[in-house]
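A.B. asks: Each chain, letter by letter, is given below.
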Amino acid sequence: MTDNDKNTELGASFTRKEELEKTTRFLFDCDFEADDFDPDGAEIHSAAARKMRETHPWREVYDSWLRYLTSHCPTASSVVNWENLFWYYSGMKFPVPNPYPFLGYLLYRTATPEGHMVSEEAMTILDSIAMDMLERIGAVAIDTIDYYGANTDSKVLASAAVWREKLGPADLSTNGLES
Amino acid sequence: MGSGSSSYTGTQGSSQPYAESYHVMPDMIEHDKHDPDIYDPQTGYFKNPTAFELTAASAIDGGFSMIGHDDKPHRINGRITYVLDLAGRLIAAKRVNPNAAGKRAPHPTLIGGRNPCVQCAGMIEFQKGKILSVDTVSGHYKPAKESLTKVMAYLDRLYATNPELFHSDSSWRRNDRQRQEH
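Which chain is which? The protein sequence lines are H and F, in order. Taking my numbering, the leading residue of the first sequence gets 35, the next gets one more, and so forth. Taking my numbering, the leading residue of the second sequence gets 8, the next gets one more, and so forth.
If you are wondering where the hints come from, they were derived from the structure by calculation, not from laboratory data. From a predicted model like this one, the values you see are computed outputs, not experimental measurements. Yeah, the Cβ is synthetic: ideal placement off N, Cα and C, and Gly gets one too. Be a bit skeptical, because a hint or two may be false.
Over 12 Å on every C-beta distance to chain H, these chain F residues come out as not near it, computed from the model [as the list claims (entries may be wrong)]: (1) 48; (2) 94; (3) 167; (4) 183.
Sample of chain H residues at the chain F side, in silico, Cβ under 7 Å [said to hold, decoys possible]: (5) 132; (6) 162; (7) 172; (8) 176; (9) 177; (10) 179; (11) 180.
Model the full structure from these sequences, guided by the hints.
C.D. replies: What follows is the structure, given as structure tokens:
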């Protein structure tokens, strides 16, 4: 491969990554609760997410979405908004082999160190994401799922503690979305 | 009749043989009797205050919502519990336990009482207030998969009343598109 070929390949790779990040910003720079977000018959964000999942390796999409989470969601309410969008875009279907670091991060950002969730909405959406991902890897089964709570799951709590140790106390404010 | 039969004890992890209705699994109710946040010795399972009947009339602006901590309606987004009760009503609710923040409200609390009986139970998945899918994942009832046909029949009727209550990726809307294409 010539130097020109290598540069062209690098350039194409950079462009593809930039496009991925641009689409991720389009998907997540949204207020899930807003009346004008993806109204019936005009679900442009849902369609864009589907296309993104279909045209890129799932790992690239997942990593891009997580980069947005960790760099553009400063408060608990913005994390809950991100979680709702993640669910809406079917991110919980990604075959993540070990979802505990991800779930632990979400818990760290939306619960106290003792595991008290900032809101019922935060509890419902995190439980939903956790149950889906953990069922897929066999970590939650029908005998235990009825009582399952991400904020009482010892492995998720342990992961949240690691994040808290690494990043410091989280901003648990719930006063609407903040950019 | 399902877990009402004293001779059947079931197998951990598996569903029960098909029955017209199911009582709570004996091991589950025994577990819950030791937890006052879930089961009262006099009255049985508490009634989940967020329980609502899934009908076209309970939907708002083409989707299902529930009141949030800010006293405002929020489109249901995620998995919540449901039961099909003996009267054929589809009851759904958040899993939040009002008695203890760290606990959840299991399926029998959608009806309440000492040993509430259901035709089916599981989880229903919503995306932005619209029904996406339904299953029989319930450790308290473990209904046979065949019982899901009754829930599907209920949702088929709901779909006929208002297709907008179903997500475009749901089997109902996809089947409709396929029929129209042919």
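A.B. asks: Checking each numbered hint in turn, tell me which of them this model violates, lowest number first.
C.D. replies: Those not satisfied are hints 5, 7.
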